[in-house]
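Listed below, chain by chain, are the residues.
There are 2 protein chains.
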Amino acid sequence: MSIAIICPNRDVSDWVVGLQRLDPALQVEVWPDIRHPEQVEFALCWNHPSGVLRRFPNLRCVSSLGAGVAHLLEDPSCPPGVPLVRLVDDALKQSMAEYVMHGVLDCSRGFARYRHQQMRAEWTVHQGPWNAELNIGVMGYGELGRYVAKKLADFGFTVAGWSRTPKPADTIPVLSGHDRLGDFLAKTNILVCLLPLTPATQGILNVKTFGHLPRGAFLINVARGGHLVDDDLLEALDTNQLSGALLDVFSEEPLPGNHPFWSHSRITITPHIASLTNPFSAVRQVVENYHRAMAGQQLRNVVDRDRGY
Amino acid sequence: MSIAIICPNRDVSDWVVGLQRLDPALQVEVWPDIRHPEQVEFALCWNHPSGVLRRFPNLRCVSSLGAGVAHLLEDPSCPPGVPLVRLVDDALKQSMAEYVMHGVLDCSRGFARYRHQQMRAEWTVHQGPWNAELNIGVMGYGELGRYVAKKLADFGFTVAGWSRTPKPADTIPVLSGHDRLGDFLAKTNILVCLLPLTPATQGILNVKTFGHLPRGAFLINVARGGHLVDDDLLEALDTNQLSGALLDVFSEEPLPGNHPFWSHSRITITPHIASLTNPFSAVRQVVENYHRAMAGQQLRNVVDRDRGY
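Chain order of the listed sequences is U and H. Those letters in the first sequence? Residues 1 to 309, per my numbering, in order. Those letters in the second sequence? Residues 1 to 309, per my numbering, in order.
One or more hints might be untrue.
[Claimed, not checked] Straight-line C-alpha distance at most 30 Å; calculated DSSO-like pairs for lysine-lysine:
{"no.": "1", "chain 1": "U", "residue 1": "Lys93", "chain 2": "H", "residue 2": "Lys167"}
{"no.": "2", "chain 1": "H", "residue 1": "Lys93", "chain 2": "H", "residue 2": "Lys167"}
{"no.": "3", "chain 1": "H", "residue 1": "Lys93", "chain 2": "H", "residue 2": "Lys150"}
{"no.": "4", "chain 1": "U", "residue 1": "Lys150", "chain 2": "U", "residue 2": "Lys93"}
{"no.": "5", "chain 1": "U", "residue 1": "Lys187", "chain 2": "U", "residue 2": "Lys93"}
{"no.": "6", "chain 1": "H", "residue 1": "Lys167", "chain 2": "U", "residue 2": "Lys187"}
{"no.": "7", "chain 1": "U", "residue 1": "Lys167", "chain 2": "U", "residue 2": "Lys187"}
{"no.": "8", "chain 1": "H", "residue 1": "Lys150", "chain 2": "U", "residue 2": "Lys93"}
{"no.": "9", "chain 1": "U", "residue 1": "Lys208", "chain 2": "U", "residue 2": "Lys150"}
{"no.": "10", "chain 1": "H", "residue 1": "Lys208", "chain 2": "H", "residue 2": "Lys150"}
{"no.": "11", "chain 1": "U", "residue 1": "Lys187", "chain 2": "H", "residue 2": "Lys208"}
{"no.": "12", "chain 1": "H", "residue 1": "Lys187", "chain 2": "H", "residue 2": "Lys150"}
{"no.": "13", "chain 1": "U", "residue 1": "Lys167", "chain 2": "U", "residue 2": "Lys93"}
{"no.": "14", "chain 1": "U", "residue 1": "Lys150", "chain 2": "H", "residue 2": "Lys208"}
{"no.": "15", "chain 1": "U", "residue 1": "Lys93", "chain 2": "H", "residue 2": "Lys208"}
{"no.": "16", "chain 1": "H", "residue 1": "Lys187", "chain 2": "H", "residue 2": "Lys208"}
{"no.": "17", "chain 1": "H", "residue 1": "Lys150", "chain 2": "H", "residue 2": "Lys167"}
{"no.": "18", "chain 1": "U", "residue 1": "Lys187", "chain 2": "U", "residue 2": "Lys208"}
Just so you know, these hints were derived from the structure itself, not from any lab.
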């Protein structure tokens, strides 16, 4: 009996350590170095090579390494009779909240300025900007957007939300619908994009949207690269309509080495790391489902293949 | 009738704007350009030149520009019959919490690494460190330390405190006394110093203290420069006992241009800006006390000159 981790191009050593720390009796093998395919009863997959699951005749459970399961549903080698489960990781929301909190503070307290001063051994105190006058706008108010907005508000920031469809009442004001977007943007000094990527939101971070923001606003995109019109961001920075941007996602990833974002002095780039699954918290679910699968018990977070999640 | 702002070597323009925005009828003058000393009835002081208050014969109130009043109590020109008030600014605590939150996230999420990668247009995802294994230790558990610890814990971090004297029970574990310092340090991955500077805490951030921390711990000093033994920090970084440090305070400020901290790759320096009084929130107290002083009413936040605060 063993668990196979099938995640090409990803360092999974923390997953191996985390699994074996939680249950030292576990046999864990990492694809492609799997010595006994017939002993693999549990497969933990992310961007696995399509068809690879055929090599494991004795699977009793296939688990996604994340919340998404599209990669498994699209693979005909994922055996229809074997239960498919996914990770439901609250740490993902927290990871996103940490990233956005850091980005908001880095902007609002002007830390980039002090980093540049340090290079010149320069000691200059800058007053403000003062957060009492700072409004954060969270675009996209699903589970993730609501969590991030609440964390920012709890910490002391003034936060508002916007979503395409109406949301239940909340302590944070949330405007909804396309006709309220302008009102929302007009009061937003730091815009955080957490929208889902759909035909309706593709390219929504464009010159017209930026034009509704107060002059000197700051953009944080942690949703998908497809939300942003790259050239419109560069133009908004050139005209000082935007003062800067923090981007974690890009239309093409990895971001090509010759893309103008890399060297722009007012764009900060991170390589899609805002929200990473934390192996040390997520392994608990894996180990629990492994033991349930071995014991023939009902599994947690089973995917309904017809609904698709 | 006028308010005189007496704060040498400090840009007080936000204070002037804030006061006049709140009460457009106010006459505000900024030392040393005070045309009518006899009209000054309210003095707002920070690091004022000793003796200067003798030039204002009609003072009805002297206010510190901050929470501290030592500079006023030590000045014999501060007229004994005139009430002395100070600012009690919750925004100071929030400003400190913001600074520490940013520093903790910058360390725990490894953002410095991504800033360096951006300079090389390098796209590499680093896993971890993961916060589930991260303990933050707040040394100094007065009003400020407690506030910062609570904000970090509310956000989701694991936090413990240490203070020299026992503190009332709290949801956050707080060890106290010198004989528990080692236990506290042994579990601390990010050490935040918020101690008062006294003979007992002078030089407390030294090689022995660092030696109790888990290898690779990170230091944030936002208390006073006198807490830190500079050479001991450099040694602890050289031996990798500490992985890095964020310093806002120094034994000599401004930090001299030739100090080795400036160019150390694992030391981040800010020019004593962790906790700045926010003029736009603090002016409300100043204007209220000004009007109370003019109307002969009881003032807010009056200093007891015998107690010293």
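Cross-check of the supplied hints:
| no. | hint | verdict |
| --- | --- | --- |
| 1 | U:Lys93 <-> H:Lys167 | 34 Å, violated |
| 2 | H:Lys93 <-> H:Lys167 | 19 Å, holds |
| 3 | H:Lys93 <-> H:Lys150 | 11 Å, holds |
| 4 | U:Lys150 <-> U:Lys93 | 11 Å, holds |
| 5 | U:Lys187 <-> U:Lys93 | 25 Å, holds |
| 6 | H:Lys167 <-> U:Lys187 | 43 Å, violated |
| 7 | U:Lys167 <-> U:Lys187 | 20 Å, holds |
| 8 | H:Lys150 <-> U:Lys93 | 20 Å, holds |
| 9 | U:Lys208 <-> U:Lys150 | 28 Å, holds |
| 10 | H:Lys208 <-> H:Lys150 | 28 Å, holds |
| 11 | U:Lys187 <-> H:Lys208 | 51 Å, violated |
| 12 | H:Lys187 <-> H:Lys150 | 18 Å, holds |
| 13 | U:Lys167 <-> U:Lys93 | 19 Å, holds |
| 14 | U:Lys150 <-> H:Lys208 | 41 Å, violated |
| 15 | U:Lys93 <-> H:Lys208 | 38 Å, violated |
| 16 | H:Lys187 <-> H:Lys208 | 15 Å, holds |
| 17 | H:Lys150 <-> H:Lys167 | 14 Å, holds |
| 18 | U:Lys187 <-> U:Lys208 | 15 Å, holds |
Violation of the numbered hints given earlier is confined to hints 1, 6, 11, 14 and 15; the remaining hints are satisfied by the structure.
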